[in-house]
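Chains A and B supply the protein sequences, listed in that same order. For the first sequence, our numbering begins at 68 and goes up steadily by one. For the second sequence, our numbering begins at 68 and goes up steadily by one.
Since the hints were made in silico from the structure, they are not lab data. Be aware that one or more of the hints could be misleading.
Partial list, derived from the structure: chain B residues whose beta carbon lies under 10 Å from chain A [to be verified]:
| hint | residue |
| --- | --- |
| 1 | A83 |
| 2 | G107 |
| 3 | Q111 |
| 4 | P139 |
| 5 | L142 |
| 6 | L162 |
| 7 | P180 |
| 8 | L181 |
| 9 | A185 |
Keeping only pairs whose Cα atoms sit at most 25 Å apart, straight-line, the calculated BS3-like set for lysine-lysine is [to be verified]:
| hint | chain 1 | residue 1 | chain 2 | residue 2 |
| --- | --- | --- | --- | --- |
| 10 | B | K312 | A | K171 |
| 11 | B | K366 | B | K118 |
| 12 | A | K312 | B | K171 |
| 13 | A | K116 | A | K366 |
| 14 | A | K118 | A | K366 |
| 15 | B | K171 | A | K171 |
| 16 | A | K323 | A | K312 |
| 17 | A | K217 | A | K323 |
| 18 | B | K217 | B | K118 |
For every residue, glycine included, the Cβ atom is placed at its ideal position computed from N, Cα and C.
Here's the letter readout for the chains.
There are 2 protein chains.
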Amino acid sequence: MTLSVTILGCGAATPAATVNPSAQVVECNGRLVLIDCGEGTQVQLRRNKIKFTRIQVVCISHMHGDHVFGLPGLLSTFHLLGRRDPLVLIGPPALEEWVRTTLKTSGTWTCYPLHFVATTAEPLHRVFVDEQLSIYSFPLRHSLPTTGFKIEAEVGLRGLRPDALAAWNVPTCDYRTLQLGRDWTNEDGVVVPNAELTREPVRPLAYAYASDTAYLPELPAWIQGVDALYHESTFAEEHRVLAQKTLHSTAVDAAKIAAEAGVGQLLLGHFSIRYRDRGVLLQEALPVFEQTLLAEEGKTYRWMRKK
Amino acid sequence: MTLSVTILGCGAATPAATVNPSAQVVECNGRLVLIDCGEGTQVQLRRNKIKFTRIQVVCISHMHGDHVFGLPGLLSTFHLLGRRDPLVLIGPPALEEWVRTTLKTSGTWTCYPLHFVATTAEPLHRVFVDEQLSIYSFPLRHSLPTTGFKIEAEVGLRGLRPDALAAWNVPTCDYRTLQLGRDWTNEDGVVVPNAELTREPVRPLAYAYASDTAYLPELPAWIQGVDALYHESTFAEEHRVLAQKTLHSTAVDAAKIAAEAGVGQLLLGHFSIRYRDRGVLLQEALPVFEQTLLAEEGKTYRWMRKK
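One chain only, chain A, in its complex shape:
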């Protein structure tokens, strides 16, 4: 079971020559999910040598330009590259209206199907599932309808208890149904509860993304125990009033959320360009939550767990 995230952009709205707007690629059991798609994302994908065609799902947190204005170019490029696989686009309802108008006015059509899934204000709304992963959206607090996303590797099969299997003389042809959670009955009609012969599957790897949002006290309940959380930290404490006014978070806000949610790792991102030295954000977050890192563009963060 593997999970990784590659940061393509972790800057806030104001553009700069050296910082890219929001975009990141999550890899989960071999599946690629693009989260947010600010202007220039397709060039960042090239720079980071990520195969465009492997992206199956795009999740858009909200419609502010620094999170979505790179999407039309990417959709056109998928077409130019001859993509055939469907693309799932998950985002607020306005996403579909905008993408369809953009395709129409730019005379673009796609040689692959587009499937839109609308996010809602419902907490932990499952917006995607396949054999490898599930994606849930949850509401954030920002000036437009905005959601975060939780990506969870699919729960695997139950583990077998070799000693118990040997004691009951279970034939190997019955192992599969046990792994799926069924009880087992021997030739004498004795029913052995599944729990006696198997153990819980390994806890699935999980990753959460929360950008853009004001400090949101409900959030930890929705992302309890995820292996990693990317949380916006647009501002430092000295600009707390500005953070509140613009419905953004400080690094301390992000660290509080991470601590309450008991996450494995916190990645701070969505940095305002006003901080030449982002060290101030890290210094403010660390006392609140020790496992904090500053997200870096072009860097991949990995987590693993044995099945």
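Chain A is fixed; fit chain B onto it per the hints.
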């Protein structure tokens, strides 16, 4: 009288980490006009240290993404930078529909007025004029409604003929009306024709932009004698059939247009990424039109003429 063009992007549709899609800034008598605005244009403006706020007019040739997908980000940034001056947006009618939908769905408003001017299929349709320059659109031949643009420095005042003025004893207070083209009458009621006392104003500097288009025989008539022409040359001769099929030009097509129009300088651009060495395009164009250059991103080309 000065005219310059800074190339921000001269690549064709397929994105690459090292080539930018179409965008260029024309400076004419101190006015800045942005022509086309592919994805990443605002970052290219920063890299080339061009002051965003000095851009007064944006001309969009057509709605293909590699010519316009950078515009929403730029409009948002103008707002973030607190722009107050109106911005004139010139392009096909679909431009206004798309921009308005984009602003609405992304929750963006602009703290400056947007003035839309629709291009048409009419040759040399004047779409903008102020004290410093005129902009004309002309139709090109492509798969969507597409126009090129001609930017002409405004015609200045007529030049004075000092000898004739002295011979007729013209008082200096009458010079201005002469420069504006009026005849002059002396104290005895003798009318001296304006042409005797003045000469034609200096021919205005002019620049033309033609991307994207198939070879268009009518084009030279519309851009006769411009100081510089940027003409697309997406393909080399070996891909002539592909050029015709996709309604693009070869370098030889572009050179033929330049030769027939008697332009001062030809800049080839809108290069397909298939040519690692663009020298082939230049080699094919030069025998047809000697004053040919390959456009280079980040480079500024300048023309001057004394008034």
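Okay, the hints, checked on the actual structure:
no.: 1; hint: A83; in the structure: 7 Å, holds
no.: 2; hint: G107; in the structure: 5 Å, holds
no.: 3; hint: Q111; in the structure: 9 Å, holds
no.: 4; hint: P139; in the structure: 5 Å, holds
no.: 5; hint: L142; in the structure: 9 Å, holds
no.: 6; hint: L162; in the structure: 8 Å, holds
no.: 7; hint: P180; in the structure: 19 Å, violated
no.: 8; hint: L181; in the structure: 15 Å, violated
no.: 9; hint: A185; in the structure: 13 Å, violated
no.: 10; hint: B:K312 with A:K171; in the structure: 22 Å, holds
no.: 11; hint: B:K366 with B:K118; in the structure: 16 Å, holds
no.: 12; hint: A:K312 with B:K171; in the structure: 22 Å, holds
no.: 13; hint: A:K116 with A:K366; in the structure: 12 Å, holds
no.: 14; hint: A:K118 with A:K366; in the structure: 16 Å, holds
no.: 15; hint: B:K171 with A:K171; in the structure: 17 Å, holds
no.: 16; hint: A:K323 with A:K312; in the structure: 19 Å, holds
no.: 17; hint: A:K217 with A:K323; in the structure: 18 Å, holds
no.: 18; hint: B:K217 with B:K118; in the structure: 23 Å, holds
This entry does not satisfy hints 7, 8, 9, going by the numbered hints stated previously.
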